[in-house]
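Read off the chains here:
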Amino acid sequence: MKLRAALLVVLLAGCATHDRVILLPNSDGGVGKIAILRDGQETVIGEPYASANTDDRGHLDSAILEAADVRKEFDAELAGLPARPVTRNLYFRADSTLLTAESEAEATAIFNELAARSAVEIVLVGHSDTQGSERHNDQLSLTRAMLVRARLIATGISAFNISVAGMGERSPIVPTPDGVDEPRNRRVELHAR
Amino acid sequence: MTLPSLARLLLALCLAGSVVPAAAVIDGVATVKSLKGDVRIQRGGRELPVAVGTALLQEDTIVTGSDGSAGLTFADNTLISLGARSRFVIDRFRFDRTSNGGEFQSTLSKGRMAVVSGKIAKSQIDAMKVRTPTSLLGVRGTEFVVEAGR
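Quick mapping for you: the protein sequence lines, in order, are chains A and B.
No gaps in the numbering here: position 67 of the first sequence is 1008 in the working numbering, and each next residue is one more.
No gaps in the numbering here: position 2 of the second sequence is 42 in the working numbering, and each next residue is one more.
Extracted from the complex, chain B is given alone in its bound form (with noise of 0.2 Å):
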């Protein structure tokens, strides 16, 4: 491929969605950007070897341990650390990168988290849900620590 073809296809993409997103991103609704001790992600019924630079999907289920923590990045920028003893799910996770709007609602039914919302909360009042036992939270772009199932 020449140069320039080369550059009108970025171009093409480019134009399509604003800015190519990156490698990981394309398959993923997230990246594990750390880990440590324990920690598992179920996809499907079945677990998944875990490792940094995992693309995480809509739907997983991601399980710490007593030593266990995971930081995860998602593609509108929202970033989420979860502790350990903890069980989050990715319920529902749609981001448009042209308009940066979407919807994110996501599960922690025991544990805690640490979160910094992005784009998809800035989008729309209420676009990121967070869902415990026994709350249900609006976020409205913001910073906050979630603790459930005490």
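Next up, chain A with everything else stripped away, as it sits in the complex (with noise of 0.2 Å):
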């Protein structure tokens, strides 16, 4: 028996276990690093496809891998990954609860894209210019965003999933004097995932 459990050993030590990491181009093209820290040692991979293979007697190896392959094998893995988060503004006209012509076009798209993510995390925060006062800027800036809530709810996104939050004045995009008309301003910032 105590043969057989130390032949055991033996066959399971001679049977390595091995791990591989392989760095992916960023969406944007660009590419990152990945270090792979051992002993107070580190060895950088930072090239599209560059694979670094460790096992558990130390040995560390890496090479370049075709991107079809890489793509292939792990095709699942890839086709998996939970929709990109997304920041959009949308914007107001001046003093107003409606949304420029623009702002208005790309809306339902917008709104659609959002309803169709599977348990979807909205985040609305209103903007207003300067024109008024803080306290008139406060409201006007939460009931943008409350505006855009209810779209998004009508789009059929329930409203446990959606934060809504009015700066007023406080972030402006473009800083100016008090008083002072300037449509990037007037915004709702969307952030969602």
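Rather than coming from a laboratory, the hints here were simulated on the basis of the structure.
No incorrect hints appear here.
Distance windows between CB atoms, simulated: (1) B:98 x A:1120: 47 to 55 Å; (2) A:1119 x B:97: 39 to 47 Å; (3) A:1125 x B:125: 48 to 56 Å; (4) A:1115 x B:138: 16 to 24 Å; (5) B:88 x A:997: 28 to 36 Å; (6) A:1097 x B:166: 37 to 45 Å; (7) A:1038 x B:131: 42 to 50 Å.
SDA-like cross-link-like pairs, simulated, lysine to any residue; straight-line CA separation at most 20 Å: (8) B:162 x B:145; (9) B:76 x A:1014; (10) B:150 x A:1014; (11) B:150 x B:169; (12) B:150 x A:999; (13) B:162 x A:968.
Predicted model, so just to flag it, every value in this text is computed and none were measured.
All C-beta atoms in this analysis are idealised placements derived from N, C-alpha and C, irrespective of residue type, glycine included.
Since each chain comes alone in its own frame, lean on the hints to assemble the complex.
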């Protein structure tokens, strides 16, 4: 029995464990880096489709693989990645809760894309320009965000998945003095994932 | 609650943490976005019912069967797609929504995953680490796949 156990240990030891990491190009076309950290030393891979193999005997070897082979081998995992997080601005008419014609034109497509995501999480942050009082703009910015929320709910997204805030005139894209009509600051920021 | 006081409350929340996090994220470090086949979540020695929208916590273990897969989106926007016959542990996840800094350590003890790293990996060198049975990976802002225990 003891001999068998010893034999098993030898057999298992002969069957080394291998791990592999393969670096992919980013969706923006660039490429990051991965460091393999071992015993205070690091080996860095930084080319598209570079792979590093490690095993439990301390070996490490790297290679550059064919893009098509990697895409095929990891097809299921790559296809299973959740939708990329997005940030969009929707712009409003002066002192109004109506979207500009340009934002209105793209709003439906954006809302539909978000409604198609599973377990979507959305944060809406309303903003105003510096025309009007701070108090008025606090309310206006929140009303803008609430309006976008209502449109999202009408598209079929649960209210539970949407958070809303109004920032008034405090966080402009384009800083201006008080009382300035600035279309780029009249917006609702939409963060979704 | 009147609208202006709601506005002030939201504003206070907003200023405290740059933006108000979505409800599902307040409790969890990640949200299950997709599920296929046999997927189990182990938390504190117990098995949880799994559904799309489930919030995951630090120290949760996700195990997939031979037909299983799961898509996870983390609070820092890291995306992870876990393949079949895999075992993945969220060892440590800490994310500061104001500074976008934090720490994310996980272990893939077997199986495969595809990863798109998020804000934590961008914040500081090796703030995101992935352990496999024979390696420790420092993720420096990137997309990659890992296969463990071949």
